[in-house]
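Participant: Each chain, letter by letter, is given below.
There are 2 protein chains.
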Amino acid sequence: MERVLARDVKQHAGQQVMVQGWLHKKRLIGGINFIVLRDRSGLIQIVADKDDQVEKLRGLQVGTVLTVEGQVKEEPRAPGGAELHDPQITIEVPVTDEPPIEIDKPLSHKPENLDTLFDNRHLGLRSPQEQKVFKIRAALLRQIRRFLYENEFVEINTPKLLAGATEGGAEVFKTDYFGKEATLAQSPQLYKQMMVGAFERVFEIAPAFRAEPSATTRHMSEVYMLDIEMGFINGLDDVMEMVQDLTYNAVTEVYKDHADDLKDLKAPELVLKEQFPRYTVAEVHKLYSEANDTDTTNEKDLIPDEEKWICEHAKKEQGCEAVFVTNFPKEAMKFYHKLADDGTVLWADLLFRGLEIATCPVRENRHEVLVEQMKAAGLDPQSPGYKYFLEAMRFGLPMHGGCGYGIDRLVEKTIGLSNVKEATLFPRDINRLSP
Amino acid sequence: MERVLARDVKQHAGQQVMVQGWLHKKRLIGGINFIVLRDRSGLIQIVADKDDQVEKLRGLQVGTVLTVEGQVKEEPRAPGGAELHDPQITIEVPVTDEPPIEIDKPLSHKPENLDTLFDNRHLGLRSPQEQKVFKIRAALLRQIRRFLYENEFVEINTPKLLAGATEGGAEVFKTDYFGKEATLAQSPQLYKQMMVGAFERVFEIAPAFRAEPSATTRHMSEVYMLDIEMGFINGLDDVMEMVQDLTYNAVTEVYKDHADDLKDLKAPELVLKEQFPRYTVAEVHKLYSEANDTDTTNEKDLIPDEEKWICEHAKKEQGCEAVFVTNFPKEAMKFYHKLADDGTVLWADLLFRGLEIATCPVRENRHEVLVEQMKAAGLDPQSPGYKYFLEAMRFGLPMHGGCGYGIDRLVEKTIGLSNVKEATLFPRDINRLSP
Chain A
284 MERVLARDVK QHAGQQVMVQ GWLHKKRLIG GINFIVLRDR SGLIQIVADK
334 DDQVEKLRGL QVGTVLTVEG QVKEEPRAPG GAELHDPQIT IEVPVTDEPP
384 IEIDKPLSHK PENLDTLFDN RHLGLRSPQE QKVFKIRAAL LRQIRRFLYE
434 NEFVEINTPK LLAGATEGGA EVFKTDYFGK EATLAQSPQL YKQMMVGAFE
484 RVFEIAPAFR AEPSATTRHM SEVYMLDIEM GFINGLDDVM EMVQDLTYNA
534 VTEVYKDHAD DLKDLKAPEL VLKEQFPRYT VAEVHKLYSE ANDTDTTNEK
584 DLIPDEEKWI CEHAKKEQGC EAVFVTNFPK EAMKFYHKLA DDGTVLWADL
634 LFRGLEIATC PVRENRHEVL VEQMKAAGLD PQSPGYKYFL EAMRFGLPMH
684 GGCGYGIDRL VEKTIGLSNV KEATLFPRDI NRLSP
Chain B
284 MERVLARDVK QHAGQQVMVQ GWLHKKRLIG GINFIVLRDR SGLIQIVADK
334 DDQVEKLRGL QVGTVLTVEG QVKEEPRAPG GAELHDPQIT IEVPVTDEPP
384 IEIDKPLSHK PENLDTLFDN RHLGLRSPQE QKVFKIRAAL LRQIRRFLYE
434 NEFVEINTPK LLAGATEGGA EVFKTDYFGK EATLAQSPQL YKQMMVGAFE
484 RVFEIAPAFR AEPSATTRHM SEVYMLDIEM GFINGLDDVM EMVQDLTYNA
534 VTEVYKDHAD DLKDLKAPEL VLKEQFPRYT VAEVHKLYSE ANDTDTTNEK
584 DLIPDEEKWI CEHAKKEQGC EAVFVTNFPK EAMKFYHKLA DDGTVLWADL
634 LFRGLEIATC PVRENRHEVL VEQMKAAGLD PQSPGYKYFL EAMRFGLPMH
684 GGCGYGIDRL VEKTIGLSNV KEATLFPRDI NRLSP
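If you read the sequences in order, they're chains A and B.
Counting the first sequence from 1 gives a position; my numbering is that position plus 283.
Counting the second sequence from 1 gives a position; my numbering is that position plus 283.
Think of the hints as simulated: they come from the structure by calculation, not from any bench.
Don't take each hint at face value.
No copy is singled out in the list; a pair is fine if it fits within one copy or between any two copies.
Here are the simulated lysine to aspartate or glutamate pairs, EDC-like style, with alpha carbons at most 16 angstroms apart [what the hints assert, rightly or not]:
1) K613 to E582
2) K598 to E557
3) K569 to D584
4) K463 to E495
5) K613 to D625
6) K670 to D402
7) K670 to E651
8) K463 to D712
9) K415 to D544
10) K569 to D588
11) K308 to D380
12) K309 to E385
13) K418 to E435
14) K418 to E433
15) K415 to E435
Computed from a predicted model, the values in this text were never measured in an experiment.
Construct the entire structure; sequences and hints are all you get.
Facilitator: As structure tokens, this is what we get:
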């Protein structure tokens, strides 16, 4: 007999079907045993009134793998609107030990319980509630890819083991590479820029490694990044529009397709417009300082509280909880950024629900200017690690820009979680390297 | 004026258009200057007969970034069937140095020239011919994902920094992790198996790291792997059918969609059937030994020449150059494989055009048998690295199996290249860590 998934059982009312899954719950109500079986599609209730069948489950725990044949009866009060009667139960894999966590109710995501959550991730994900987070994550990735395919971006796979050159910034992990030293890529920055010279439009979705010596709600030592780069842009607007369209499409589609899951996860209502409001860094400082009776106008970057506040502000005033912040001061730039005529950096940050999701700058594509900027940043343009990157410029790259886009952060904020690690299957930080 | 891509110029016959791209070639024929411009879509020829326009290009090299406005004229002999006349040329980014390689003809892929090819990869990919390899790679990945989405596989992202547990086999890279030691994941093996307990069907496409101390045509120290795992299978057949359908679909679709590119790359004609022929290891030894007047019947695994021969044999005799080889002897097994009743391993290798592309075993899902197999393999089941993996079994996993599928190898063989590194943007091996 062919297996039927829990979600499809109702379509077989009156028929005999076979289901397979995990024992999820056992209950005795009024002398009748109710068993709930879990499979990848959901839950199905089984009514076991025959003693010999119930007897098979004696001493067996949640997680026991079962095959059950039975008669389908519609039952509006049961999950999925149907249940199986008169079951014939086969024990496929018995579980006799009591699992360390209970997965038949939502697991606690309180900050003080996160360590328990992550220590038991390999079992906790058996909770249908937990799975929803990662089904939404997969759906976001799928929508993002769809958008990029449609817009003629070529997927590239760049190396994660590097000879040492990095784009600066975060600390790097080092590894012994056959007697030499290699570093783990913090991002595909230099590679994706070089590939503009071939494909014009490229993207990569891959892990990136950052030896962040701190444990915060926004950082991990292994992150999942969407890196995009596009050539022949006319300026920052082209980059912002691409990132805006990608984000709008992915998030609204997922809110449509996964409405029930998002409701179960208590995700906030989505307040998004096709055009995200734009503010300069100076405007955010001014608005925030006025509203909060403080003075942040001397800050170079936004402070975390400003990121939260400006998204709330835009949601209230503009009906959109995603915003772009632009005109970052020169002091905040990286050596490969391009400066605007007014001395600020051609760079926009995408903030969504209070968190920076993506950094979207235009790159300096003039070889001689880039060399000067490297020197000003204290970097040696003669260093072997920059040889290929600088050659790509010297032999002609058009104006280009793109983004480093945090997938974990997008998942976190789409669902309304409060720690980026909750959006990650097996998070890594200074204190955590397992499971 | 809006930019028009080279491939679309012909549609604007008689009109004024603007194109942007790289100077790809300059030729003077019969007193008239022909310029070829490259963009992401292809090449377009520009006829420059006015001295002032030609003068702008004096001293400028291939790679110079140009904007050109001109009149479109149909011209069957030109690439794309049209050319631009009476051009107005703007130099966007001048290139004055002569590039180290010529990209207007196919680059040499002869074994003795591969080092030059890889040393100049960042520039060599500007050759339209080279780009085709990686457009086909991206297309294969896209088709594979489509198949997996349609079959309800959930994309997972598992960590690449591990506490030390590995599935055994290849050497591992080690990194300092905040004063502790971490290893780089050789594969997501244990993680994908654990995730069967949640999602039943999962996949990941990600880099894997192998400290292979050798430089061969089939190995790299950083590879791109498709890892799939599916639960509630009835046996090895279910895994083989899934891998067969995925492969058949991806390769035939790409041969359809990229017929011209594959022809330009001199890819062999595709000889594939929906059902791949199946041979046991013993059968391959026997057939090969008889045909080649030798004796391999005492070999545990297939020797590389047998892998080549059996694919040729199946192509000739069965009309299919992809085959499965099954019934590997117990001596070749890994601790997490499942044994069949006859004492061979429930494991199939997918070979395509002479190379092992994927390994597709069923896993041992009985906790107590797995523990015994670990001990027999000299591994310590008490080791912290196996704690979570063994817990996943102890708390119930159904029969499951999947594959480790080499994306680089699939690309190599789909195109008919002869070294896996040619299918990789920036290959890594014992001798190569850059560009």
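Participant: Please go over all the hints and tell whether each is borne out by the structure.
Facilitator: Cross-check of the supplied hints:
1. Taking the closest pair of Cα atoms, K613 and E582 come within 16 angstroms of each other only inside a single copy of the chain (12 angstroms); across copies the shortest separation is 66 angstroms, beyond that limit.
2. Proximity of K598 to E557 under the C-alpha cut-off of 16 angstroms is restricted to the intra-copy arrangement: shortest distance 13 angstroms within a copy versus 53 angstroms between copies.
3. In this assembly of identical chains, K569 and D584 lie within 16 angstroms of each other by CA distance solely inside one copy; the values are 13 angstroms within and 71 angstroms between copies.
4. In this assembly of identical chains, the alpha carbons of K463 and E495 lie at most 16 angstroms apart only when taken from different copies (14 angstroms versus 23 angstroms within one copy).
5. Only within a single protomer do K613 and D625 lie at most 16 angstroms apart by alpha-carbon distance; the minimum there is 10 angstroms, versus 71 angstroms between protomers.
6. In this assembly of identical chains, K670 and D402 lie within 16 angstroms of each other by CA distance solely across copies; the values are 11 angstroms between and 44 angstroms within a copy.
7. Only within a single protomer do K670 and E651 lie at most 16 angstroms apart by alpha-carbon distance; the minimum there is 14 angstroms, versus 55 angstroms between protomers.
8. Within a single copy, K463 and D712 get their C-alpha atoms only as close as 26 angstroms, which misses the 16 angstroms cut-off; across copies the closest is 12 angstroms, which meets it.
9. For a Cα distance limit of 16 angstroms, the shortest separation of K415 from D544 inside one copy, 6 angstroms, qualifies, whereas the shortest one across copies, 41 angstroms, does not.
10. In this assembly of identical chains, K569 and D588 lie within 16 angstroms of each other by CA distance solely inside one copy; the values are 14 angstroms within and 72 angstroms between copies.
11. In the homo-oligomer, the alpha carbons of K308 and D380 lie at most 16 angstroms apart inside one protomer (15 angstroms), although the nearest pairing across protomers, at 72 angstroms, exceeds that limit.
12. For a Cα distance limit of 16 angstroms, the shortest separation of K309 from E385 inside one copy, 13 angstroms, qualifies, whereas the shortest one across copies, 71 angstroms, does not.
13. Taking identical chains as interchangeable, the C-alpha atoms of K418 and E435 lie at most 16 angstroms apart only when they sit on different chains, with a minimum of 11 angstroms there against 26 angstroms within one chain.
14. With identical chains, the CA atoms of K418 and E433 are at most 16 angstroms apart between copies only, with a shortest distance of 14 angstroms across copies and 23 angstroms within one.
15. For a Cα distance limit of 16 angstroms, the shortest separation of K415 from E435 across copies, 14 angstroms, qualifies, whereas the shortest one inside one copy, 30 angstroms, does not.
When the structure is compared with the earlier hints, no violation turns up for any of them.
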